[in-house]
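Visitor: Given the sequences, and given the hints that come with them, work out the whole structure.
Taken in order, the sequence shown gives residues 28 to 234; the numbers are from our numbering.
Heads up, a few of these hints could be off.
What the hints assert, rightly or not - Cut-off 25 angstroms, straight-line C-alpha distance, at most; resulting in silico cross-link-like pairs (BS3-like, lysine-lysine):
1) K228 / K105
2) K29 / K199
3) K29 / K107
4) K199 / K105
5) K32 / K228
6) K107 / K170
7) K228 / K169
8) K228 / K107
9) K107 / K174
10) K105 / K29
11) K199 / K107
12) K174 / K228
13) K105 / K32
14) K174 / K32
15) K105 / K169
16) K169 / K107
17) K228 / K170
It is worth saying that the hints were derived from the structure and are not from the lab. If you're wondering where the values come from, they're calculated on a predicted model, not measured in any experiment.
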Amino acid sequence: MKLSKLGICGIISLLSYTAMVVFSPLAYPGYDWLSMAVSDLSAVGAPSAELAGQLNALYGPCGLVSIMAVCVAAQNLKTKTLRLGIYFFAAMEWISDVGYKLFPWVADADSSHPQNVMHLIVTALVVIFSLTALILSIIGAKKEGMKSLFIWACVCLAAMLLGPIGTGIMPKAVFGLFERFSTFSAVTFNAVLGTFLLLGKFGKNFD
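Guide: And the structure:
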């Protein structure tokens, strides 16, 4: 099997995550997507935790398979900056997958709960690595002459920045809306990289 075919996993990861976000609230009476975080759906003690886990089952594994395949294909890229951007994004995916599984949000506790503190630390690391990856990818894609990847990276970076800005200045009643800009930006960019891999945009395919 050619390495490029593994890019489909990035798309599957996005679909799995989207299904979790869209359908898990059906098992959470009173859940308000406009004001509540996505992590509340899979939080320890949440009524939707089991369904969220089932719908989200392919998100982590498929996302990791795709981005690691992209990392291998990125060896063909001439621009070191773009390669670094992809590697930083891969590191973020590992931090996210392992970190959130180790420290899921506890629904019935406040942010001072030790597990919730660790959850917030993981989130901070995910944001830092994501922003670094996207900035490097923007610079690198422009140098590499990959205009469409440059545009996608810009869009995802804008969405990621809109999330914390919106949650910081807008009323709590729309916290969930702006939080989703940040979460979906990373998942979408992984799917974009997977699509580029699938289409052979990173150079020769590996058997």
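Visitor: None of the hints should be skipped; say for each whether it holds.
Guide: Cross-check of the supplied hints:
For the suggested pair K228 and K105, the alpha carbons sit about 13 angstroms apart, so the restraint of at most 25 angstroms is met. Only pairs whose Cα atoms come within 25 angstroms are accepted, and K29 paired with K199 is rejected, the gap being roughly 47 angstroms. Of the pairs offered as hints, the one joining K29 and K107 holds, with about 24 angstroms between alpha carbons and a cut-off of 25 angstroms not exceeded. Only pairs whose Cα atoms come within 25 angstroms are accepted, and K199 paired with K105 is rejected, the gap being roughly 45 angstroms.
Straight-line distance between C-alpha atoms of K32 and K228 comes to about 12 angstroms, which keeps the hinted pair within the 25 angstroms bound. Under the criterion of a C-alpha separation no larger than 25 angstroms, the hint pairing K107 with K170 is consistent with the structure, at around 10 angstroms. Simply put, K228 and K169 have alpha-carbon atoms about 14 angstroms apart, close enough for the 25 angstroms limit, and the pair holds. Pair hint K228 plus K107 holds up; C-alpha atoms about 16 angstroms apart against a cutoff of 25 angstroms.
With a C-alpha separation of about 17 angstroms, the suggested pair K107 and K174 falls inside the 25 angstroms cut-off, and the hint holds. For the hint linking K105 to K29, the alpha-carbon distance of about 21 angstroms falls within 25 angstroms, and the restraint holds. The suggested pairing of K199 with K107 is violated, with an alpha-carbon distance near 41 angstroms, which exceeds 25 angstroms. Under the criterion of a C-alpha separation no larger than 25 angstroms, the hint pairing K174 with K228 is consistent with the structure, at around 11 angstroms.
Note on K105 and K32: the hinted pairing holds, with a Cα-Cα distance of about 22 angstroms set against a maximum of 25 angstroms. For the given pair, K174 sits about 22 angstroms from K32 by alpha-carbon distance, which is consistent with the 25 angstroms threshold. Proposed proximity of K105 and K169 is supported: the alpha carbons are some 12 angstroms apart, at most 25 angstroms. In summary, the hint linking K169 to K107 is supported, as the alpha carbons are separated by about 12 angstroms, within the 25 angstroms threshold.
Of the supplied pair hints, the one linking K228 and K170 holds, its CA atoms being roughly 15 angstroms apart against a limit of 25 angstroms.
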